[in-house]
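Please build the complete structure, drawing on both the sequences and the hints.
Position 25, counted from 1, in the sequence shown is what this note's numbering calls 25; the numbers after and before it change by one each time, with no gaps.
Since the hints were made in silico from the structure, they are not lab data. Hints should not be assumed to be uniformly reliable.
[Unchecked claim] Keeping only pairs whose Cα atoms sit at most 27 Å apart, straight-line, the calculated BS3-like set for lysine-lysine is:
#  : residue 1 : residue 2
1  : K267      : K160
2  : K33       : K123
3  : K63       : K250
4  : K267      : K123
5  : K144      : K160
6  : K235      : K123
7  : K27       : K160
8  : K51       : K27
9  : K191      : K267
10 : K137      : K123
11 : K137      : K160
12 : K152      : K235
13 : K63       : K144
14 : K33       : K63
15 : K33       : K191
16 : K253      : K235
17 : K267      : K33
18 : K253      : K265
19 : K33       : K137
20 : K27       : K267
21 : K123      : K63
22 : K273      : K250
23 : K157      : K33
24 : K110      : K33
25 : K110      : K253
26 : K144      : K123
27 : K267      : K63
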Amino acid sequence: MKKIIVLSGICFMGMLSPVIAQDFYGKATYESKTDLNVDVEGRNIPEADKKRIMERMQQDLEKTFVLDFNRIASLYREEEQLEQPVGGRGFRMAVFGSSGSDGIYYRDVKRRLYYNQVEMLGKIFLIRDSLVLPDWKPGEETRKIGGYTCYKATMVKEVKRAEFNRMGRRPPGNERKETGDPANNEPFEEKTEEITVTAWYTPDIPVNQGPGVYWGLPGLILEVNADRTTIRCTKIVMDPEGEDQIEVPKRGKEMSQSEFDVIIKEKMEEIEKMHRDGPGRREGSRVIRMRG
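What follows is the structure in structure tokens.
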């Protein structure tokens, strides 16, 4: 029998027994929100335009995802929705990366591998690589999420941030010393930072799955807080007799994660070069810097 649990703080329908059949299928819906530090710089930019840009960027960082899961595998993808109309002066933020929040993310915990199907600039890539078990540290805190008793776990994770140089200008303290010096021609500087990730999982659903790249705990992860991003489960559908909809993504050129990371860096360099050498040099051009 299908059981639907709406995780909305105080309202939920039904309860799931901690004892789950040997073979089962479930679907969890997650809402992801990210607060991004952004500087909008430029001359003669009306405040109304700055506000519109910020609002559109925030909309692009509020998404709904669906996680199909069983005891062995899971499939995480963004929920399909209609694109908002964009006029000639509209702004659309492009996010490059492979955090498991891009494209379609498949994970097989038995074979310890994942596939991430990502579309970038009109091309489709299929990343296939090995899973690395996250180094979770169990905590003593507990809390209720939609009727489930959840336990806290944390880990320290390294993240890379890329900051574009503004219209070819070097960041302070990194000025060009010699003309033609390759070390001074990098279009952006990449920094590695450590962040603390907090997860809340429930043993009532005994699978070591979770949203995006987060997994490896003795229960389904219902909430993740990572830096400026919060991913929260809002609904769970358990259907032990339902049809399993988990399939490995197959579209795109297959490559490893490290190979894809090289492509990402090259594309970022191309975009920065276009800004340096193209219309971006015009007086009054807009510069958008993202930190986070």
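Outcome of the hint check:
{"no.": "1", "hint": "K267 with K160", "result": "holds, 16 Å"}
{"no.": "2", "hint": "K33 with K123", "result": "holds, 26 Å"}
{"no.": "3", "hint": "K63 with K250", "result": "holds, 24 Å"}
{"no.": "4", "hint": "K267 with K123", "result": "holds, 12 Å"}
{"no.": "5", "hint": "K144 with K160", "result": "violated, 33 Å"}
{"no.": "6", "hint": "K235 with K123", "result": "violated, 32 Å"}
{"no.": "7", "hint": "K27 with K160", "result": "violated, 31 Å"}
{"no.": "8", "hint": "K51 with K27", "result": "violated, 37 Å"}
{"no.": "9", "hint": "K191 with K267", "result": "holds, 17 Å"}
{"no.": "10", "hint": "K137 with K123", "result": "violated, 38 Å"}
{"no.": "11", "hint": "K137 with K160", "result": "holds, 22 Å"}
{"no.": "12", "hint": "K152 with K235", "result": "holds, 20 Å"}
{"no.": "13", "hint": "K63 with K144", "result": "holds, 23 Å"}
{"no.": "14", "hint": "K33 with K63", "result": "holds, 7 Å"}
{"no.": "15", "hint": "K33 with K191", "result": "holds, 23 Å"}
{"no.": "16", "hint": "K253 with K235", "result": "violated, 34 Å"}
{"no.": "17", "hint": "K267 with K33", "result": "holds, 25 Å"}
{"no.": "18", "hint": "K253 with K265", "result": "holds, 18 Å"}
{"no.": "19", "hint": "K33 with K137", "result": "holds, 24 Å"}
{"no.": "20", "hint": "K27 with K267", "result": "violated, 35 Å"}
{"no.": "21", "hint": "K123 with K63", "result": "holds, 22 Å"}
{"no.": "22", "hint": "K273 with K250", "result": "violated, 33 Å"}
{"no.": "23", "hint": "K157 with K33", "result": "holds, 19 Å"}
{"no.": "24", "hint": "K110 with K33", "result": "violated, 30 Å"}
{"no.": "25", "hint": "K110 with K253", "result": "holds, 24 Å"}
{"no.": "26", "hint": "K144 with K123", "result": "violated, 42 Å"}
{"no.": "27", "hint": "K267 with K63", "result": "holds, 24 Å"}
In summary, the structure is inconsistent with hints 5, 6, 7, 8, 10, 16, 20, 22, 24, 26 from the numbered list given earlier, while agreeing with the others.
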